[in-house]
Amino acid sequence: MNTLKDALSFGDLPRSERIGFFLFIVFCLVFPWIIKNAFTQAVMIQFLIFCLYGLGWNLIGGYGGQVALGQAKNVGMSAYTVALLMVWWDVPFWVSTPLGIIVATVESFILGYFLFRLKGHYFAIATICVSLVWQQLFINWDLIGGARGVELPLKETPNFVYMQFSSPVYYHYFAFILVMGAIFYMNWFRKSRLGFQLRAISSGEDVAESLGINIHWVKVKAYCITGIFAGAGGAFYAVYYNYIDPFSVMHLELSILIALMTMIGGAGSMWGPIIGAMILIPLDRYLGAWLGGLGVTGVDFIIYALMVMIISAYEPRGIWGIIEKARAKR
Amino acid sequence: MELLIPAIISGLLMGMLFALVALGLAIIFGVMDIVNFAHGEFLMVGMYTTFLTSTYLSIEPLLTIPVAATLGLILGVASYYLLVRHLLKGPMIAQLLGTFGLMIFLRYLAMAIFGPDYKILQQGLLIGKSAKWGAVIISYPKLGTAVISVIAFGAVYWLINRTRLGMALKATSLNAEAASYMGINTERMRALAWGLGGATVGIAGALLTNFYYANPTVGMLFALIAFATVAMGGFGSIKGAFIAGLIMGLLIDVGGTFIGPQHKFALIYLTYFLVVIFRPQGLFGW
Amino acid sequence: MALLEVTDLTIAFGGVVANDRISFEIEKGEIVGLIGPNGAGKTTLFNCIVGFHKPQQGTVRFNGKDITGLRPFQTNREGIGRTFQIINLSGNLTVLENVMVGAYCRTSDRRIAGQEASEILSLLELEKDSDSSLLELPIAAQKRVGLAMALATKPKLLMLDEVVAGLNPKETEEMVGLLRKICESKDLTLFLTEHVMEVVMPISKRVIVLDGGQKIAEGEPQDIADNERVIQAYLGVKYAKSRKH
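Chains as they are written, first to last, in our numbering: chain L, 1 to 330; chain C, 1001 to 1286; chain W, 2001 to 2245.
For reference, chain L alone in the conformation it holds in the complex (with noise of 0.2 angstroms):
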């Protein structure tokens, strides 16, 4: 089928990002055999996610150039749900995953559906309410657990019905799965109708609206897919520490983080979120480690704000785009 075509074919891309790419692939299959230590090991898997937090947000931010700074419900809503129908129901995690998505999704679905009414730094603020809403929510809801947050009964290990594991290798290639799910999707959205359309509106809406696109449809499909994959990640992330809370999963930071992390990658291009993570995520924790037994926290924030700053200023296609411009100079 075309779509499938689509979503696996590269050949329009050049030969260097397809190496890329295909080395990208080849260390993270090889990752686990080579690195023994726990902490490269956790490094490497948060590192995962946040490629698929970031592919994602670059969907309605990249693409759609919608700065939507409230991600982190996302999360947070998928994470509780399977957190929640594991600890009441024993629900296994393929059936809460869906379920959990759903909930994101519609959600979003909702949200989009009014909030797409604003624009630019309107829309931003509205989202980050509405982000903040949530969060203050959770924290004041007793039935799920409030601010004490959310454990989850652990199983037998291996344990593929409750994804629940001792080695976090297994975490590793179920997160590498989900981000080669997610750069196939993107592969194929970048071709598809829903992706121009996406592009076509970031580049100018009256433009877009008189060729026929529905403006406020699109950014609300683009919204909720983005949506699904924040879910995913939410999912993952519950099934992975074991534990949840408001502070951990929606709290602003995270929805902050995904959307700088993009940015400096290089939002509204294919690799862009992975270089970005690629470069954050390694900085903060290894930064993060080394400060906090120093009693300094926030350093690496300092340095991500110093870095989008930059960026922003001199190159808003983020790093991304200095690699374009180099190889046009050739």
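If you're looking for bench data, these hints aren't it; they were derived computationally from the structure.
No experiment lies behind these values; they were computed from the predicted model shown.
We put the beta carbon where it would ideally sit given N, CA and C, even for glycine.
Fair warning: there could be bad hints in the mix.
To be verified - A few chain L residues facing chain W, derived, Cβ under 7 angstroms:
id, residue
1, K191
2, R193
3, F196
4, R199
5, A200
6, S203
7, V207
8, E209
9, S210
10, L211
11, G212
12, I213
13, H216
Using the hints, position chains C and W against chain L.
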């Protein structure tokens, strides 16, 4: 019912402060259509300025207002020349995330330098004092804050509407290109707008420290209040910022009395939504 | 039944009446010009028909269907295409991709969209620019890309907003030739607004004149050129009077 009157008074007093905070944002947006996401952090800087100057140099906090204002001015102008000027040339996403980056930068810099503790002023002319007026207790810091806020607001209003400089600023906000043909240095006007924004919110921060704690996270809360206020008043309208500020103050204090203080946030967000969806141009904006 | 029927279209912004009870019809296959001094309300009229503004009074009927107040993407799907004076210049999409966006209006298949886009680019002699970004092209080519984008949506009525503005005489001539060509090959009806008389008059079968929000004349180009009210509108009462002598 006895709760209502103090809430109304407190709301009005706070409202005047909110108006001052929103003023800077309104000016910046009016002159160049960009939202300063770091506005709350500018406030935070003003608060720390007052706290540190007052505590370590043993100066009366009210006297540190000029210091905070000056620092705010410098911060605003520097932000413009180093960052914003470049952002304006770029796409929307760059503009949004650029000032966002500034916000994160200032916030975590403060966190790294000052730590996450809550700092509150102990000594000062107004601090901890209150007056009894009939059955109502009026807090002196809030009263003083309100009075000075109104004075500051009035001063800026006078500057914008009664001086040549102000006129140039207005001209730039209405049509920058035309203004430049008239010989107005629009670059300087934009820098001025940021400087003015930074200075006014610096003053607000100085005042706020008299009765509110200084902390790196304070920025976000007041920024959101400011956004909601400016949205209500109309982005770009100074008059609107004042009236909306009062309304906001009343909403938060009176509303908070009835539905409980932990829901104050929700009230702010809700207000923002309702305004932005049902009356996007605000009360007086364009 | 006329392809486009505009009846009593009225819209005001604030206190200014931009279009005042404007009525006219356009038959299938015609080329109709819209002229008038600056500020007469031409672009507003376009925007009302296409759907960017909702008129306060009056109706717009297209192909017998009432399309008053529909959004631009809806009128586009009904069959009205429109060019803009300035296309947002962003390096986001290449020329081919931009035209494909238009083609995607009528199909969801990428291959078909690509093919149709290529065909249109060939028709407008732009194939060599397929992979360029709009930013790299000279203004004459940019205008043609804008035309291609609108054509890709397979309109029955194409509304051209100052399509030769900014072009030198040679480029203008080429554009006019191009318009004639596409009009025939795509079986289009054209409604164009223009300031350049040398373009509007020869190509249009009929011309509508607006001034101060009102329609002041309608007819064949030759009659319009001699029409006193029209001359007044453009050149002032004194000139019109002096012409009489």
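TODO: Output the numbers, in ascending order, of every earlier hint that fails for this structure.
DONE: Going through the list in order, the structure violates hint 13 alone and respects the others.
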